[in-house]
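Each chain is listed here by its residues.
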Amino acid sequence: MNSCTLLIGHAILDVLESDRGRTTALGGIFHAARTLWALEQEFVLGYFGPSYLDAEVQSQCDQLGAKAVIKLGNVTGSPNVVIVGEPKEAGDQRYEFVRQESQATEFDLAACATMLSSQSFTDVLIFSGGFALDLVFSSLNPTGTSVHLDANFDLPSLSTIEKLGRPLESLILSTSSSAFHGPLQSSFEIARETALKSSIAFILKENRGGSRYSDQTTNLVIPAFPADTVHSVGVGDCYDAAFVALRKHQSTNVALRCASMLATAYCATLSAEKFREQVKRVLDIPNEEISDLSGTMVTWEARQSIHIYIAAPDFSHCDRRSIEEAFHALKYHNFTPHRPVLENGEVPAGASQSVRASTAEKDLQLLEQAQIVVVIPLYEDAGTFIEMGIAVQAAKPVIVHIPNSGELNLLTEQLATAITRTTEELVSKVFQISSTLRHGIK
Amino acid sequence: MESSASGHFEDYRPEKTPKSTPLGSSGSAGERDICDREILNARLEEIERAEYYISNSKIPIVGTAVRVRQQLVKGRLAIETSKDGHSIGYLPTSLNYLLGCIRAGRTYEGVVVAASEKPVPKLVVDLEPS
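Residue numbers (my numbering), protein chains in the order written: chain A, 1 to 442; chain B, 1001 to 1130.
It is possible that part of the hints are untrue.
Reference listing, derived: stretches of chain A covered by chain B, where coverage requires no fewer than 3 residues with Cβ under 8 Å from a Cβ of chain B [as the list claims (entries may be wrong)]:
#1 267-278
#2 328-334
Example chain B residues on the side facing chain A (calculated, C-beta under 10 Å, incomplete) [what the hints assert, rightly or not]:
#3 E1031
#4 C1035
#5 E1045
#6 K1058
#7 K1074
#8 L1077
#9 P1092
#10 S1094
#11 L1095
#12 L1099
#13 G1100
#14 I1102
#15 R1103
#16 A1104
#17 S1116
#18 P1119
List of simulated lysine-lysine pairs, DSS-like, C-alpha gap at most 30 Å [stated by the list, open to error]:
#19 A:K163 / A:K248
#20 A:K248 / A:K67
#21 A:K396 / B:K1118
#22 A:K396 / B:K1083
#23 B:K1118 / B:K1083
#24 A:K163 / A:K197
#25 A:K274 / B:K1074
#26 A:K396 / B:K1122
#27 A:K248 / B:K1074
#28 A:K280 / B:K1074
#29 A:K396 / B:K1074
Just so you know, these hints were derived from the structure itself, not from any lab. Predicted model only: the values in this text are computed from it and were never measured. The beta carbon of each residue, even a glycine, is placed where N, CA and C say it ideally should be.
The shape of chain A in the complex, shown without the other chains:
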């Protein structure tokens, strides 16, 4: 049988907020659908959604060449709208599900049964959350098909998965998900151990730090291949769909690396056509090169040991929003940023020599221990540039982050390892440098 993937999940309307304004697009299950379209892989779409989206769902599926579209359940009480406050996931994406608390999702068992009996597919990829997963598993039980579960929005219990009557083929999570940080305590090992009780394989997607695959015999660390990010919505879903489709004909390692590269392509454009072009190019790269290509690899837990000293006039009388934004973005990604003024204290005017000497010493110790220094020159503060000079002399990577200003002093510009102008650029550069530090490349 030719490959055909059954996609099950919600049809969502994504609303992306940016400094360029607001835009909308069908999201949810459609990120995976677009990926399969770009891969020229057959798929069937089984969706849950409110009735006002039905026509648009059908229209998009027609354009994407879906083999069939079946509505598995109607959503009431909620428009299935997600407002994405931070489309590039520099920090928390600030997803807001509009009226999620009043969302009610029916499950049309008859429609599901008809779908399963009338359509043939080789894999099922489910994006759980907001529907009765146990009923879906019960319905899939007799089919014997491989079932992959992206459980970012709803991590099912063992008893729910048992309704499938067999292990999942893969259980996929992301470090962006509440499931990873809640019941799984932000631990890869706990997540892996939990997942492998009910799944043949476990995959943890770790944003710009890569991803990890684990089954009973194999552990793989897959690099991310970050590039210019236009948006970060649905990128993980793209990865999932690409992996499920490609694993049929490729080794697990190559399939995962390709999935990572396609995820990059997905976030680099809003044009479906441009995405598909890039997908074709990636697929034309020989497998040996796919396997050899270096990228960014910094696991979730490894980032905690990356200490980042934020050199800035972090004083109470200054507008510190850009410092706070950088700090929180780095914390979100599990790095260990330091704001020495907050940690060691802001020395008040007239402070004693003892306080001044002690504070300076603590700041310098913190600087010495850091692996990366981020300089945020809100204004021409002598202390900030002294710290930068010390870092440069110690051969530490120095990122000068200037979200609000243009020209830099000559030596500041020339001695910086990198200059960033947006939080997304800063985070990406920190990932890249961290990966280099971890793998010993200068």
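Knowing the structure of chain A, use the given hints to seat chain B on it.
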């Protein structure tokens, strides 16, 4: 990563064409093919481990003609001198997408636009697709 995000937000959907014919190619209006873009101010990495520095104990000068090597070197995209084919450094991994473009037949050539030895060797190149 030296370049900033480009493009503008709009609805993300393929062009409306019948299923049986190829989809339209217009996509996002005005968005250049990623393989057609110039690469400006790309700061090279691992300069001291590149062939040129190892052979000459110095870096090439501004204006040196360079190109992207067609084969990966230890998983990286290398920049080499157009004249002798000696690697001078490696592109940042954020430009790895170029491998797909190269395998699709593109080549990339350019020049060294900045070069300095202190405090650490630094090379910056501009590249154009050809």
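Comparing the hints with the structure gives:
1. 267-278: Check passed, 10 qualifying residues.
2. 328-334: violated (count 0)
3. E1031: holds (5 Å)
4. C1035: holds (7 Å)
5. E1045: holds (7 Å)
6. K1058: Violated, about 18 Å.
7. K1074: holds (7 Å)
8. L1077: At about 9 Å, which falls below the 10 Å cut-off, the nearest Cβ of chain A leaves the hint on L1077 (chain B) intact, so it holds.
9. P1092: Nearest chain A Cβ about 7 Å off; hint holds.
10. S1094: holds (5 Å)
11. L1095: It holds, given that the least Cβ distance between L1095 (chain B) and chain A is near 7 Å, below 10 Å.
12. L1099: For L1099 (chain B), the interface hint holds, since the closest Cβ of chain A sits about 6 Å away, which is under 10 Å.
13. G1100: holds (3 Å)
14. I1102: holds (9 Å)
15. R1103: holds (5 Å)
16. A1104: holds (5 Å)
17. S1116: Cβ of S1116 (chain B) sits 7 Å from chain A, so the hint holds.
18. P1119: The hint holds - P1119 (chain B) has a Cβ within 10 Å of chain A, the shortest such distance being about 6 Å.
19. A:K163 / A:K248: Judged against 30 Å, a Cα distance of about 25 Å means the pair holds.
20. A:K248 / A:K67: holds (19 Å)
21. A:K396 / B:K1118: Within the cut-off at roughly 14 Å; holds.
22. A:K396 / B:K1083: With a Cα-Cα distance of about 34 Å, the restraint between K396 (chain A) and K1083 (chain B) is violated, given a limit of 30 Å.
23. B:K1118 / B:K1083: holds (26 Å)
24. A:K163 / A:K197: holds (14 Å)
25. A:K274 / B:K1074: holds (29 Å)
26. A:K396 / B:K1122: Between K396 (chain A) and K1122 (chain B) the Cα gap is close to 15 Å, so the pair holds against 30 Å.
27. A:K248 / B:K1074: Given pair K248 (chain A), K1074 (chain B) holds - Cα atoms ~28 Å apart, limit 30 Å.
28. A:K280 / B:K1074: Holds - the C-alpha atoms of K1074 (chain B) and K280 (chain A) are around 24 Å apart, at most 30 Å.
29. A:K396 / B:K1074: holds (24 Å)
Consistency with the previously given hints fails for numbers 2, 6, 22, ordered from lowest to highest.
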